[in-house]
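Participant: So the protein lines, in turn, are chains A and B. Residue numbering for the first sequence is 12 to 145, as defined by the numbering used here. Residue numbering for the second sequence is 74 to 416, as defined by the numbering used here.
What the hints contain is simulated information worked out from the structure, not anything from laboratory work. Please note: incorrect hints may appear among the correct ones.
[What the hints assert, rightly or not] Label-pair distances were calculated between CB atoms; the ranges are:
no.	chain 1	residue 1	chain 2	residue 2	range
1	B	141	A	78	41 to 49 Å
2	A	34	B	296	27 to 35 Å
3	B	414	A	23	20 to 28 Å
4	A	142	B	176	35 to 43 Å
5	A	131	B	270	46 to 54 Å
6	A	12	B	221	27 to 35 Å
7	B	102	A	30	26 to 34 Å
8	B	400	A	58	25 to 33 Å
9	B	91	A	131	26 to 34 Å
10	B	91	A	57	50 to 58 Å
11	B	137	A	69	25 to 33 Å
12	A	55	B	285	14 to 22 Å
[To be verified] Stretch-level coverage of chain A by chain B, calculated; a stretch enters the list once three of its residues show a Cβ under 8 Å from a Cβ in chain B:
no.	region
13	21 to 33
14	60 to 71
[Stated by the list, open to error] Incomplete in silico selection of chain A near chain B, CB under 10 Å:
no.	residue
15	57
16	89
17	91
18	126
Keep in mind it's a predicted model, so treat the numbers as computed, not measured. Don't be surprised by glycine CBs; every beta carbon is placed ideally from N, CA and C.
The chain contents come next:
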Amino acid sequence: MTTVAVGFDYSEDSRAAADWAAAYARERDCALVLVHAMGILEQASFEDARASLAAAGADLAARSGLADARVHAHVDYGDACSVMLRCIEAPISASLLVVGTRGHHAHAGLLLGSTSLELAEHALVPVVIVPGQR
Amino acid sequence: MLVLGGPGSHESHEEEGHPERPERVSAVLAGIGDLDLGSEVVRVAPREATRAELTRVHDGSYLDELGAFCYAGGGDIDEDTYATFDSWSVARHTAGAGLAVIDELSRAGDGVGFVLTRPPGHHALAGRAMGFCLLNNAAVAAAHLVARGERVAIVDFDVHHGNGTQSIFWNEPRVLYVSSHQMPLFPGSGTPGEVGGPDALGATLNLPLPAGATGDVIQRAYEELAAPSLEAFGATWVLVSAGYDAHRSDPLADLKLTSGDFAGLSRFIASHAGPGRLAFFLEGGYNLQALRASAAATLGTVLGANVALEERSSGGPGAETIERARRARDRALEEAHELGGRA
Ligand SMILES: [Zn+2]
Chain A
12 MTTVAVGFDY SEDSRAAADW AAAYARERDC ALVLVHAMGI LEQASFEDAR
62 ASLAAAGADL AARSGLADAR VHAHVDYGDA CSVMLRCIEA PISASLLVVG
112 TRGHHAHAGL LLGSTSLELA EHALVPVVIV PGQR
Chain B
74 MLVLGGPGSH ESHEEEGHPE RPERVSAVLA GIGDLDLGSE VVRVAPREAT
124 RAELTRVHDG SYLDELGAFC YAGGGDIDED TYATFDSWSV ARHTAGAGLA
174 VIDELSRAGD GVGFVLTRPP GHHALAGRAM GFCLLNNAAV AAAHLVARGE
224 RVAIVDFDVH HGNGTQSIFW NEPRVLYVSS HQMPLFPGSG TPGEVGGPDA
274 LGATLNLPLP AGATGDVIQR AYEELAAPSL EAFGATWVLV SAGYDAHRSD
324 PLADLKLTSG DFAGLSRFIA SHAGPGRLAF FLEGGYNLQA LRASAAATLG
374 TVLGANVALE ERSSGGPGAE TIERARRARD RALEEAHELG GRA
């Protein structure tokens, strides 16, 4: 089964990306991995972060009509771009990466901090950039 | 002799409530004061690193973006990293402080350098700020030395892996990058299987340690794995990414080192450097007391000054990771050589 990985930082843009990825996974019969990157300052413990993300995954499964077993949660340390790039490798082996246009801190019109642009430049698999609500 | 670079005017690089704050520099200055070095301290004023010096390791387009971002008022670059209006100037002076220290050490032919400025640098990539870091200060200094024909070892004992430094010199055989760090932890990289690019196989050495690891384990990792690499490499200069967030009191990580352990590590590192060819760069360290004591431990030890040390720590987990790291590294090197042989 092919695997789709979607970046998720609880921002509105990343929710839009997750919804798009869930719809795609349902149509194409893919597994979906919700991916959260932990920065240096994130105060939650790794286990708490994993629990929150699993809850968000269950929500997404219910909302999108994907089977629970098809949706996985993956928390990793690092910047969003590197964490998404590592999802291409085993064990996740994602063949499609999905991200929102910008997360909590990226700045419109600036390359600085743009995960989506940097990811598109470095990824060896297709990247989908989902526009959020404007 | 201590050649002290900085601190310069770093205070305007500040964000309320952020742990990477100006008081960190004051804490290290207090630690140096505790050593009573008197006339043994030579202060060099930070100078601004030039664009040519910065583009040895950073993309020009990134420098333009960062400058423009700061002049537009700054803000949060990502969830960890901020910049203010002044940060572009502060960051260039921080990178330049390292260059000034190296030039003074070279002129004097003696002494030990300490680059006491901020923001820190070892997470900064060629084209991106991250992990509190804007410009990679140690990398800019190493590239400056390489341009002069030197072979540079960068030893990084900050609790976080210096992904920026590793990435910048990934395929550079004239720079040996050695990092000990807690794993898993931000930034997620730094496995023993990461050994360098095809032109620089073995010039990256990672020593990951589990949460709770104590000084005895980290010291052994350096003596058993780093010493052979350092000896084989034959560095003409040694730069140290000196982060003190592996201290047991640090709020951002879970290693258990004491100031006594930092003294031991610093003695080990200094034993691989010639006179006037050793410089420390301040990276992390977010408990001010621990930072003061640990920086004093480093400098007191390498300068032979009297310094009160916390007892060295021992008994924590991770001894088995040393052997595991050795095997993973050997395997990765073998595989890379096979690949290279086939190409
Ligand atoms: Zn650190």
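Participant: Are the hints correct? Go through all of them and say.
Facilitator: Here is what the structure says about each hint:
| no. | hint | result |
| --- | --- | --- |
| 1 | B/141 / A/78: 41 to 49 Å | holds (47 Å) |
| 2 | A/34 / B/296: 27 to 35 Å | violated (55 Å) |
| 3 | B/414 / A/23: 20 to 28 Å | violated (51 Å) |
| 4 | A/142 / B/176: 35 to 43 Å | violated (50 Å) |
| 5 | A/131 / B/270: 46 to 54 Å | violated (23 Å) |
| 6 | A/12 / B/221: 27 to 35 Å | violated (55 Å) |
| 7 | B/102 / A/30: 26 to 34 Å | violated (52 Å) |
| 8 | B/400 / A/58: 25 to 33 Å | holds (29 Å) |
| 9 | B/91 / A/131: 26 to 34 Å | holds (30 Å) |
| 10 | B/91 / A/57: 50 to 58 Å | violated (22 Å) |
| 11 | B/137 / A/69: 25 to 33 Å | violated (44 Å) |
| 12 | A/55 / B/285: 14 to 22 Å | holds (19 Å) |
| 13 | 21 to 33 | violated (count 0) |
| 14 | 60 to 71 | violated (count 0) |
| 15 | 57 | holds (7 Å) |
| 16 | 89 | holds (3 Å) |
| 17 | 91 | holds (8 Å) |
| 18 | 126 | holds (9 Å) |
When held up to the earlier numbered hints, the structure conflicts with 2, 3, 4, 5, 6, 7, 10, 11, 13, 14 and fits the remainder.
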